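A.B. asks: Sequence:
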Amino acid sequence: MKRDADSRRQAHLYGLRAEWMAQIYLMAKGYRVLARRYKTKGGEIDLIVMRGDTIAFVEVKARAKIDDAEIAIDNHKINRIAHAARRWVALNSWAMKYTLSGDAIFLAPRRWPRHVANAFTVPVDLYVGR
Numbered sequence: 000m001k002r003d004a005d006s007r008r009q010a011h012l013y014g015l016r017a018e019w020m021a022q023i024y025l026m027a028k029g030y031r032v033l034a035r036r037y038k039t040k041g042g043e044i045d046l047i048v049m050r051g052d053t054i055a056f057v058e059v060k061a062r063a064k065i066d067d068a069e070i071a072i073d074n075h076k077i078n079r080i081a082h083a084a085r086r087w088v089a090l091n092s093w094a095m096k097y098t099l100s101g102d103a104i105f106l107a108p109r110r111w112p113r114h115v116a117n118a119f120t121v122p123v124d125l126y127v128g129r
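Taking numbering that gives the first Met the number 0, the leading residue of the sequence shown gets 0, the next gets one more, and so forth.
These aren't lab readings, by the way, just hints derived from the structure by calculation. Some hints here could point you the wrong way.
Label pairs and their calculated CB-CB ranges [to be verified]: (1) Arg110 x Leu15: 10 to 20 Å; (2) Lys40 x Arg109: 33 to 43 Å; (3) Asp5 x Ala89: 30 to 40 Å; (4) Lys40 x Pro122: 13 to 23 Å; (5) Arg110 x Gly41: 30 to 40 Å.
Small disclaimer: the values here were computed from a predicted structure and weren't measured. Cβ coordinates follow ideal geometry from the N, Cα and C atoms, glycine included.
Kindly produce the complete structure, drawing on both the sequences and the hints.
C.D. replies: Okay, structure coming up:
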């Protein structure tokens with residue numbers, strides 16, 4: 000049992016490190032961080048960032064191989080992100096004048112991060128009266 004707790008702890012720390020690296024990478028690309036690890040009942044967003052007229056809800060995935068990271072975002076995860084994004088936009092109605100995007104950052108050891116803009120659809124406008 001202790002081994003499972005240790006591996007969960009290691010996976011959690013690996014994820015936190017990946018989110019930090021993704022944040023630094025996006026800031027270097029000119030994004031401003033609006034929120035980090037935004038949680039709500041039923042959903043979570045790793046990063047919420049803004050650049051120009053776009054606000055991006057970013058999912059960060061780190062795996063041993065970058066191709067494995069790319070296939071790690073499934074429909075269940077997208078639904079959880081969309082739920083949290085709807086809540087965030089409802090609380091930040093000023094954001095509705097911006098383009099909203101579901102982005103992903105994929106990370107793997109000894110590889111540059113891969114940022115995919117519009118990696119998935121976040122249909123927040125259907126729920127907040129846009």
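A.B. asks: If a hint holds in the structure, say so; if it does not, say that too.
C.D. replies: Taking the hints in turn, this is what the structure says about them:
{"no.": "1", "hint": "Arg110 x Leu15: 10 to 20 Å", "verdict": "holds (19 Å)"}
{"no.": "2", "hint": "Lys40 x Arg109: 33 to 43 Å", "verdict": "holds (38 Å)"}
{"no.": "3", "hint": "Asp5 x Ala89: 30 to 40 Å", "verdict": "holds (39 Å)"}
{"no.": "4", "hint": "Lys40 x Pro122: 13 to 23 Å", "verdict": "holds (19 Å)"}
{"no.": "5", "hint": "Arg110 x Gly41: 30 to 40 Å", "verdict": "holds (32 Å)"}
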